Amino acid sequence: MSASADAPEPWYLALLGFAEHFRTSSPPKIRLCVHCLQAVFQFKPPARVEARTHLQLGSVLYRHTKNSELAQTHLEKAWFLSQLISQFEDVKFEAASILSEFYCQQTLVDSAKPVLRKAIQISQQTPYWHCRLLFQLAQLHALEKDLVSACDLLGVGAEYARVMGSEYTRALFLLSQGMLLLVERKLGEVHPLLTLCGTIVESWQGHPIQKESLRVFFLVLQVTHYLDAGQVKCVKPCLKQLQQCIQTISTIQDDEILPANPAALFHWLPKEHMCVLVYLVTVMHSMQAGYLEKAQKYTDKALMQLEKLKMLDSSPILSTFQVMLLEHIIMCRLVTGHKATALQEISQVCQLCQQSPRLFTSHAAQLHTLLGLYCISVNCMDNAEAQFTAALQMTTHQELWTFIVTNLASVYIREGNRHQELYSLLERINPDHNFPVSSHCLRAAGFYIRGLLSFFQGRYNEAKFLRETLKMSNAEDLNRLTACSLVLLGHIFFVLGNHRESNNMVVPAMQLASKIPDMSVQLWSSALLKDLNKACGNSMDAHEAARMHQNFSQQLLQDHIAACSLPEHNLITWTDGLPPVQLQPQNGPTTSLASLL
6 MSASADAPEP WYLALLGFAE HFRTSSPPKI RLCVHCLQAV FQFKPPARVE
56 ARTHLQLGSV LYRHTKNSEL AQTHLEKAWF LSQLISQFED VKFEAASILS
106 EFYCQQTLVD SAKPVLRKAI QISQQTPYWH CRLLFQLAQL HALEKDLVSA
156 CDLLGVGAEY ARVMGSEYTR ALFLLSQGML LLVERKLGEV HPLLTLCGTI
206 VESWQGHPIQ KESLRVFFLV LQVTHYLDAG QVKCVKPCLK QLQQCIQTIS
256 TIQDDEILPA NPAALFHWLP KEHMCVLVYL VTVMHSMQAG YLEKAQKYTD
306 KALMQLEKLK MLDSSPILST FQVMLLEHII MCRLVTGHKA TALQEISQVC
356 QLCQQSPRLF TSHAAQLHTL LGLYCISVNC MDNAEAQFTA ALQMTTHQEL
406 WTFIVTNLAS VYIREGNRHQ ELYSLLERIN PDHNFPVSSH CLRAAGFYIR
456 GLLSFFQGRY NEAKFLRETL KMSNAEDLNR LTACSLVLLG HIFFVLGNHR
506 ESNNMVVPAM QLASKIPDMS VQLWSSALLK DLNKACGNSM DAHEAARMHQ
556 NFSQQLLQDH IAACSLPEHN LITWTDGLPP VQLQPQNGPT TSLASLL
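Add 5 to the 1-based position in the sequence shown for this note's numbering, that's all there is to it.
No lab work stands behind these hints: they were computed from the structure. Just to be clear, a hint being listed does not mean it is correct.
[Unchecked claim] If you anchor each label on the Cβ, the simulated ranges turn out as follows: (1) S544 / N439: 47 to 55 Å; (2) S73 / I566: 47 to 55 Å; (3) E312 / S73: 57 to 65 Å.
Small disclaimer: the values here were computed from a predicted structure and weren't measured. Each residue gets a CB set at the ideal place from its N, CA and C atoms; glycine is no exception.
Turn these sequences into a full structure, and let the hints steer you where they fit.
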């Protein structure tokens, strides 16, 4: 809290000093800080001191108290008064920025926009504030899902930064624009923009931390673009560069960066946040590729780092990272046969969403999808259908929508009596015709679902769908889809009496499932190997396969009982509104293991 640039009165310096002392005490003494600042008005201070004190009071009340009405009054006065004073830019634009932030927190978005627009209009001679306010208004539009307006503002910012001679800030605006275009799926516009960003980032010569942070931003966009497209193999070189980049950043000394150009006084993320983000995209890649032990390792590292950061930093992005990490590791747990742990982590996501309406709004569909996947794993098919149906009503994200529909189709196939609903879904995710997304992985899964239906209906000659899945999953190292396709083909060949071809499918399926590890595919493969070896007269191999099958069955049964006995199991009945706060324990499992084979 600095005083006016003119020689300040001693009384003002004394009150300001006391206020700052109380604000920074441990614990802060906010009531006394507010009293000191309010006392300034008793001296009928000059206009500059009055406006600055209103800003300081409004800021303290907004950040440290629940007195939102008084905070609003002081912030509005600071914004109004500062506009009447010439050469008072810092107070004027800080007041506009904090007031707009306050309005957004109070869900008064329509009040925030005109304040930011006016501040942007009158700040063109103040590069730092002009850029910062453009970022702020773009973020506001992005949170409202008005991505077109957000992209337009970021484009204005990029051009302004270029004119002001800051290629660094220009790159930040363009990369932010690229991020929103990726969210909007405007891939035709993304490619040339990312190419331009790559050129700017590589040619810019500046502080090593700023340079590397731009590279991290650029590479994160590239990696997520590949992962969204389901191209797990193609992404590997970018992911490796990204991991090397974060290692470089962690070795650079944390000197204070003070660029000569005021338009360049920005950084994208603190390096500790970048580190967690790189862990997160590594987990996303490992999960898609089917390297689940690697996903577990990086999740543990990231969550440990997040716990340390959250002790000192209340930034909302950390909770978003935490939820996304948990969403991915929950899916891994369901595959590796740790349903009870997955359920407890789903409950953890619920708790995080209860604490933040913004988080719940953006992750409700994912939460119901995870519960749907859990329901499938414990054979609660009616609940799975209800969860997926709820999730579909909550998302407009095409990739998530396609993922949900694919899993809902698998529920209808297993139930065996939902033909009309099933064929309606399959028409909407036909991998041969007008598939709704460009994701290689989801399209391969679309072929697998068709093959699964053919198997359940006994139309074994239509196994060509599975061969298409195999071809696509092999091309991009989608290990889990490959394992599922191999074991299903092996089962088909076994039913047709082609034991040799069946063995050629089941053995690699088992090897791959062990490597992932995928408990359900291991259970299925071991059962097939037992029957296959028995039919071929290989009694020792049949006995070994039977022993493995018994072990997998026991592990899954114990986990099944543990999961269904948890109080969190009652979450499977929640399909509307906020997640329930308290859960009553179950008497015991109410579902069977019949679906595991």
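For each hint, the structure was consulted:
1. In this structure the supplied range 47 to 55 Å holds for S544 paired with N439, their Cβ-Cβ distance being about 51 Å.
2. Look at S73 against I566: about 49 Å separates their beta carbons, and that is inside 47 to 55 Å.
3. For E312 paired with S73, a C-beta distance near 30 Å fails the hint of 57 to 65 Å.
The structure fails hint 3 only (numbered hints given earlier).
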